[in-house]
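**Student:** Each chain, written out:
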Amino acid sequence: MIFFRHLAVRLGNSILLLLAVIVLNFILIHSAPGDPAEVIAGEMGGATIEIIEEIRSRYGLDRPLWTQVVIYVRQIAGGDLGYSYYFNQPVSSLILRRIPPTLLLMIFSLASAAIIGVVLGVISSYAPHSVPSHLITFFSLAGYAAPVFWTGLMLMLLFGRFCPIFPVSGMFDIVAGHHGFAYVWDVLRHLALPSLTLILLNAAQFSRLSRASMLESLSTDYVRTARAKGLNERRVFLVHALRNALMPVVTMAGLQFGPLLGGAVVVETVFNWPGLGRLVFDSILRRDYPVLLGILFISAMMVILANIVTDALYRLIDPRVRGGPK
Amino acid sequence: MRTLRWPQLILVAALVSGLLAVRPGLGWAAEHTKGTLVLGTDSVPRHFNGAVQSGSATALASTQIFASPLRFDANWNPQPYLAESWKFSEDGLTLTLKLVKDAVFHDGKPVTSDDVAFTIKTIKENHPFQTMLAAVDSVETPDPLTAVIHLSKPHPAILLAMCPGLMPIIPKHIYNTGGNIKEHPANVKPIGSGPFKLVEYVPGEYYTLEKFDRFFIPDRPKLDRIVVRIIGDVNSMVLSLENNELDAIPQTDDIPAVQRLEKNPQLLVTNKGFEGIGAINWLAFNTKKAPLDDVRVRRAIAWAVDRDYIVGTLMLGKVEPSYAPISPGSPLATEDVEQYKVDLDKANALLDEAGHPKNDKGERFSLQIDFEPDSEFLQHNVAEYLRSQLKKIGINLTVRSSADFPAWANRISNYDFDLTMDTVYNWGDPVIGVGRTYISTNIRPGVMWSNTQQYVNPKVDELLNAAAVEMDQVKRKALYLEFQKLVVDEVPIYFINVVPYFGIWRQGLENIPQSIWGPLSPLDEVHWTGE
Numbered sequence: 001m002i003f004f005r006h007l008a009v010r011l012g013n014s015i016l017l018l019l020a021v022i023v024l025n026f027i028l029i030h031s032a033p034g035d036p037a038e039v040i041a042g043e044m045g046g047a048t049i050e051i052i053e054e055i056r057s058r059y060g061l062d063r064p065l066w067t068q069v070v071i072y073v074r075q076i077a078g079g080d081l082g083y084s085y086y087f088n089q090p091v092s093s094l095i096l097r098r099i100p101p102t103l104l105l106m107i108f109s110l111a112s113a114a115i116i117g118v119v120l121g122v123i124s125s126y127a128p129h130s131v132p133s134h135l136i137t138f139f140s141l142a143g144y145a146a147p148v149f150w151t152g153l154m155l156m157l158l159f160g161r162f163c164p165i166f167p168v169s170g171m172f173d174i175v176a177g178h179h180g181f182a183y184v185w186d187v188l189r190h191l192a193l194p195s196l197t198l199i200l201l202n203a204a205q206f207s208r209l210s211r212a213s214m215l216e217s218l219s220t221d222y223v224r225t226a227r228a229k230g231l232n233e234r235r236v237f238l239v240h241a242l243r244n245a246l247m248p249v250v251t252m253a254g255l256q257f258g259p260l261l262g263g264a265v266v267v268e269t270v271f272n273w274p275g276l277g278r279l280v281f282d283s284i285l286r287r288d289y290p291v292l293l294g295i296l297f298i299s300a301m302m303v304i305l306a307n308i309v310t311d312a313l314y315r316l317i318d319p320r321v322r323g324g325p326k
Numbered sequence: 327m328r329t330l331r332w333p334q335l336i337l338v339a340a341l342v343s344g345l346l347a348v349r350p351g352l353g354w355a356a357e358h359t360k361g362t363l364v365l366g367t368d369s370v371p372r373h374f375n376g377a378v379q380s381g382s383a384t385a386l387a388s389t390q391i392f393a394s395p396l397r398f399d400a401n402w403n404p405q406p407y408l409a410e411s412w413k414f415s416e417d418g419l420t421l422t423l424k425l426v427k428d429a430v431f432h433d434g435k436p437v438t439s440d441d442v443a444f445t446i447k448t449i450k451e452n453h454p455f456q457t458m459l460a461a462v463d464s465v466e467t468p469d470p471l472t473a474v475i476h477l478s479k480p481h482p483a484i485l486l487a488m489c490p491g492l493m494p495i496i497p498k499h500i501y502n503t504g505g506n507i508k509e510h511p512a513n514v515k516p517i518g519s520g521p522f523k524l525v526e527y528v529p530g531e532y533y534t535l536e537k538f539d540r541f542f543i544p545d546r547p548k549l550d551r552i553v554v555r556i557i558g559d560v561n562s563m564v565l566s567l568e569n570n571e572l573d574a575i576p577q578t579d580d581i582p583a584v585q586r587l588e589k590n591p592q593l594l595v596t597n598k599g600f601e602g603i604g605a606i607n608w609l610a611f612n613t614k615k616a617p618l619d620d621v622r623v624r625r626a627i628a629w630a631v632d633r634d635y636i637v638g639t640l641m642l643g644k645v646e647p648s649y650a651p652i653s654p655g656s657p658l659a660t661e662d663v664e665q666y667k668v669d670l671d672k673a674n675a676l677l678d679e680a681g682h683p684k685n686d687k688g689e690r691f692s693l694q695i696d697f698e699p700d701s702e703f704l705q706h707n708v709a710e711y712l713r714s715q716l717k718k719i720g721i722n723l724t725v726r727s728s729a730d731f732p733a734w735a736n737r738i739s740n741y742d743f744d745l746t747m748d749t750v751y752n753w754g755d756p757v758i759g760v761g762r763t764y765i766s767t768n769i770r771p772g773v774m775w776s777n778t779q780q781y782v783n784p785k786v787d788e789l790l791n792a793a794a795v796e797m798d799q800v801k802r803k804a805l806y807l808e809f810q811k812l813v814v815d816e817v818p819i820y821f822i823n824v825v826p827y828f829g830i831w832r833q834g835l836e837n838i839p840q841s842i843w844g845p846l847s848p849l850d851e852v853h854w855t856g857e
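As they're listed, the protein sequences go chains B and S.
Numbered according to our numbering, the first sequence spans residues 1 to 326.
Numbered according to our numbering, the second sequence spans residues 327 to 857.
In isolation and in its complexed conformation, chain B is listed as follows (with noise of 0.2 Å):
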């Protein structure tokens, strides 16, 4: 009962932070100086002043801020995201095309540079004095330090012009129009250079983080038992150490998800991957507001659910968080 209390009262708390969310959004992004109608009426090379306003009255742009505000928050609580200026398109269809490739991308990097990260770590920390783990703290540091769109241009241009194997944009070959596997094959091939990147960056942090996992690991009682039960190296390293080694990586990587999505923006733009990445990118050149509070409004319903799932979990889980404040 305490349990189903305190859910009610955080999703009545979330309602609450995810309206100071919309709201806040909204009025920031229109306080910026200049509107849409300028973008439009920029691409067409001109306008008169009355197409102008037109521009405004029809996306309702000429209105009081507030009376805009509420008119977005009705919206919003109708389940309507609203109309993309730029696009022409639903807010709700134009995001909705876009979550499949962001997820592709992330999730792939993100389990990429997990493996690529942890294999280096382990590799790196069983002699942690030797000239590879030298070299692997190198060029782990290089890639965290490398800017994302930096190391995205420089493999497009080796793995692009100097030695071309890999497609350069895209997500897949539009003119050949391949399907079933084929498709497949096509998707993961333009899917290298950008994952690529993103593995470049995010390996490194599981790399430094797995070595100093496993060191600290190696140095403990139960490791010590076990090579004193007999156990081969190989046995003792792989299942008694790394086991364990691997739970502050596991919690890592899920942190690392918002940041991804942050790098996504980059990579996306760079490789022209058909993400949310690059909706985000194309809306705020275009000052495409409703686009623009939409995904915000979307990443932000997403963090608050994932905090009362995971407060949830936490309660279910451990007795101790259960029974609330006494």
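What the hints contain is simulated information worked out from the structure, not anything from laboratory work.
Keep in mind that the hints are not guaranteed to be accurate.
What the hints assert, rightly or not - Examples of chain S residues lying across from chain B (beta carbon under 7 Å, computed):
no.	residue
1	368
2	373
3	456
4	736
5	773
Claimed, not checked - Okay, the calculated bits of chain B under chain S, using three or more residues with CB under 8 Å as the criterion:
no.	region
6	127-136
7	290-301
Beta carbons are placed, not taken as given, at the ideal position from N, Cα and C, and that holds for glycine.
Could you slot chain S onto chain B? The hints should help.
**Tutor:** Okay, now just chain S, sitting in the frame of chain B:
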């Protein structure tokens, strides 16, 4: 041991992928698909109805989807298209179009004079270029293949206004449904009578055009399909072209990329085909703000700027200089104006005369310069150069950035600026794209590319109004010559260069568009060698 399985699998997959990718025939860098042309652009079309939306993003598609009464060759001569003939009356107040017999829309309905009349009415009421058809009073349709256009005054630019980019003939039976035509659903699912029909549009990503089998010109179009990919990042677009993922970038002003691609033997780089657009890069003055309200100060700045250095060094010698309001590609252009060859002594003398002596630090006054935020090469570089150059005559110039286009446009169109770099299109004829930035009746706050300099000269107004109704080309040219001399002399704008647009096409493509409207005209004759 489970932890090691995935890394091993990924390693194997990566190796196999690499091996397959480099195998000849399976690699990415394959030959083009037969009959298909893949274009790259960084512009997103809001929709495809060029009758109510100007700009090259829409025109690139709408000129393929819709046919227009006329088209133009590389020498500014009108050519038959939907109209097989056209004739002005003696007094120049009536223009009669005779339409071809066999033209049909993509839905099979015939193209008639009713569609022409409906289109002209729609453009007059909705198109951003209001001067383009302002002189049209009415359109009579005595029979399905004859349209008689009545004008309130002679209109020498009307034939140019009938080109594919400016007058796509839209079907009355589709669009005449009432309501706001700018929001008509057919704008994103267009039905035209042009050489290609739209078969797919994924907003912001790509659109596909397919050959229209019943196009009214026999044996055209020659291509089966055109795919236009929208690639926001120019570097990515250029690498896609080098990597054979694109066949052409029909319009770009990225000079460093052009310079690199020119060396690629598989590509053909041309600057032909942009005369109609007539884009000029210039330095504009706020003529109502002191000290720039004094013509001597504006002239001093003009004498201080070294145009040759900007054109030859800053822009890597890849651009053409511009000296006057009408773009050099136009038959009405002139170079017979004061060209302001750099002369710092003259500039200093003019500032002294205007009452702005140098102080102890050698400074006279401070000014601010703006530039379009996405124009690093053409504008920001020049603004930075001007900062150091104007210091030589005692003007302390600061360069102000804007976060994005709306922020910059908001400042300029509301006169919150001293000087600004700007790029403005002529759009073929001075009536459409030139007069708007000089005529005093077009000083309209909040409107970009109106007379944002707030320049007022009754003689200029008189000349522009007279030239706009002069049907005799020789007399018209004389009127525009006088106008250009006056404007250059009073320097509301200092003209720097023609915007260096280039088309980059893969070798093996025949008949690439080189008329005055270049890629903003039908690509019905383009084809691959041997196809």
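**Student:** State for each hint whether it applies.
**Tutor:** Here's how the hints hold up against the structure:
{"no.": "1", "hint": "368", "result": "10 Å, violated"}
{"no.": "2", "hint": "373", "result": "6 Å, holds"}
{"no.": "3", "hint": "456", "result": "5 Å, holds"}
{"no.": "4", "hint": "736", "result": "4 Å, holds"}
{"no.": "5", "hint": "773", "result": "5 Å, holds"}
{"no.": "6", "hint": "127-136", "result": "violated (count 0)"}
{"no.": "7", "hint": "290-301", "result": "violated (count 0)"}
Hints 1, 6 and 7 from the earlier list are contradicted by this structure; the remaining hints agree with it.
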